[in-house]
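Protein chains in written order, with our numbering: chain A, 1 to 216; chain B, 1 to 108.
Some hints could be false.
Said to hold, decoys possible - Simulated restraints, written as ranges between beta carbons of each label pair:
id, chain 1, residue 1, chain 2, residue 2, range
1, A, S198, B, R5, 24 to 34 Å
2, B, E77, A, G199, 40 to 50 Å
3, A, L183, B, M33, 41 to 51 Å
4, A, D100, B, E90, 20 to 30 Å
5, A, A133, B, N108, 39 to 49 Å
6, A, T87, B, R5, 50 to 60 Å
7, B, E14, A, D100, 46 to 56 Å
8, B, L86, A, L168, 35 to 45 Å
9, A, P187, B, L12, 41 to 51 Å
10, B, L12, A, T207, 34 to 44 Å
11, A, G68, B, C70, 45 to 55 Å
12, B, C87, A, E73, 46 to 56 Å
13, A, P38, B, E77, 37 to 47 Å
14, B, E14, A, T207, 23 to 33 Å
Simulated from the structure, these hints should not be mistaken for laboratory data.
Backbone N, C-alpha and C define an ideal beta-carbon position, used for all residues, glycine too.
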Amino acid sequence: MQVRMVKKILEANDRIAEENRRTLKDAGVLSINLMSAPGAGKTTLLAKTIPVLAGRLRFGVIEGDIQGTYDAEVIAALGVPVIQINTEGACHLDANMISDILPEMPLADIDVLVIENVGNLVCPAEFDVGEEAKVMLLSVTEGHDKPLKYPLMFQKSEALILNKIDLLPHIDVDMEKIRRDALALNPKLKIFEISCRSGEGMDAWITWLQTRRQGR
Amino acid sequence: MSILRIAEDARLKEGASRIDRVLVRVGRATGVMTDSLRFSFEYARAEFPAATGAELLVEETPVGGRCAKCAASFTVEERFVFKCPLCGSEDFSITSGNELDVLELEVN
């Protein structure tokens, strides 16, 4: 017997993601799925952003890593609620992992929930975890070929943060090419050039984050 | 696993005893590799006793779009589109290539 259907294979994930999105929206929380390759500076970006906005925006952070609690400890030291998810091998977070721990997050006391995904330029872009916005971080040392090599993440993100610009004098990276290719993939992409180390460019990113939270 | 779970749900609903064939549609923009999908499917079958002999058929759909400037509909060979292949405009929308669906089952 033949059974015809059109059933989305990722439907289970998408359904849970929608539930997460509704929970977060109802709680008035802006949720951001922060994605990058390993070592681009996701945790450092948070460690430099959260204190600047103290008293203005209340943060909560979910840390996704294959193993360990290093990142969660860095965030916990800032005095904000943080939950570490260890994926035990999986290369990305999925909606179910977020759904499991969301009840533990004090959403009533949070304005912005950052979900720091596992360091990986590929799979995190494919799985909706129920976030409102995807933000991608790329360190300039990774090279100008990345938009064309890993297009999906550039296409799906609202904002692209180019980190480690303090290193530009020492490396041969074509910033114009990164911008051009990223914008060709996603004309609406908002691009920031920053250095978490020197603090350069952080203002524009922080202003965007505040505006994004207010304009909801 | 999700494919087999969908198939298993449908089998139970139909009151059939085994799953013989599963047809899935995979858009080329999803990045899903057909060979890897087949490989995983063969291993995942072991978790579903009614599906141990199930065959996986894959229908690939090309990436296609519609240009906002010249109004043309197009499909391309590549997995990604950067501009309209006809007029070169970067203002276009993707209309196909992101599918990842179970389309048809043979259960008996």
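Quiz item: Is the gap between the beta carbons of A:P187 and B:L12 within 41 to 51 Å?
Solution: holds, 46 Å
Practice problem: State, for the Cβ atoms of A:A133 and B:N108, whether the hinted interval 39 to 49 Å holds or is violated. | Solution: For B:N108 against A:A133, whose Cβ atoms are near 47 Å apart, the range 39 to 49 Å holds.
Quiz item: At the C-beta level, are A:S198 and B:R5 separated by a distance inside 24 to 34 Å?
Solution: violated, 50 Å
Self-check item: Cβ separation of A:P38 and B:E77, checked against the hinted range 37 to 47 Å
Solution: violated, 32 Å
Quiz prompt | Whether the CB-CB distance between A:L183 and B:M33 falls inside 41 to 51 Å | solution = violated, 28 Å
Quiz item: Do the beta carbons of A:G68 and B:C70 sit within 45 to 55 Å of each other?
Solution: Given a distance of about 52 Å, which is inside 45 to 55 Å, the answer is holds.
Self-check item: Range agreement (Cβ of B:R5 with Cβ of A:T87, hint 50 to 60 Å)
Solution: Between A:T87 and B:R5, where Cβ atoms are some 21 Å apart, the hint is violated.
Exercise. Check the following: the C-beta atoms of B:L86 and A:L168 are separated by a distance inside 35 to 45 Å.
Key: This hint holds: roughly 38 Å between Cβ atoms.
Practice problem: Evaluate the given range 46 to 56 Å for the C-beta pair formed by B:E14 and A:D100. | Solution: violated, 32 Å
Quiz item: Does 20 to 30 Å hold as the CB distance between A:D100 and B:E90, or does it fail?
Solution: Check failed, 40 Å falls outside 20 to 30 Å.
Quiz item: If you check the beta carbons of B:C87 and A:E73, does the distance land in 46 to 56 Å?
Solution: Holds, since B:C87 and A:E73 (Cβ atoms, about 53 Å apart) stay within the stated range.
Exercise. Could you see if the CB distance from B:L12 to A:T207 stays within 34 to 44 Å?
Key: Given a distance of about 54 Å, which is not inside 34 to 44 Å, the answer is violated.
The structure fails hints 1, 3, 4, 6, 7, 10, 13 and 14 (numbered hints given earlier, in ascending order).
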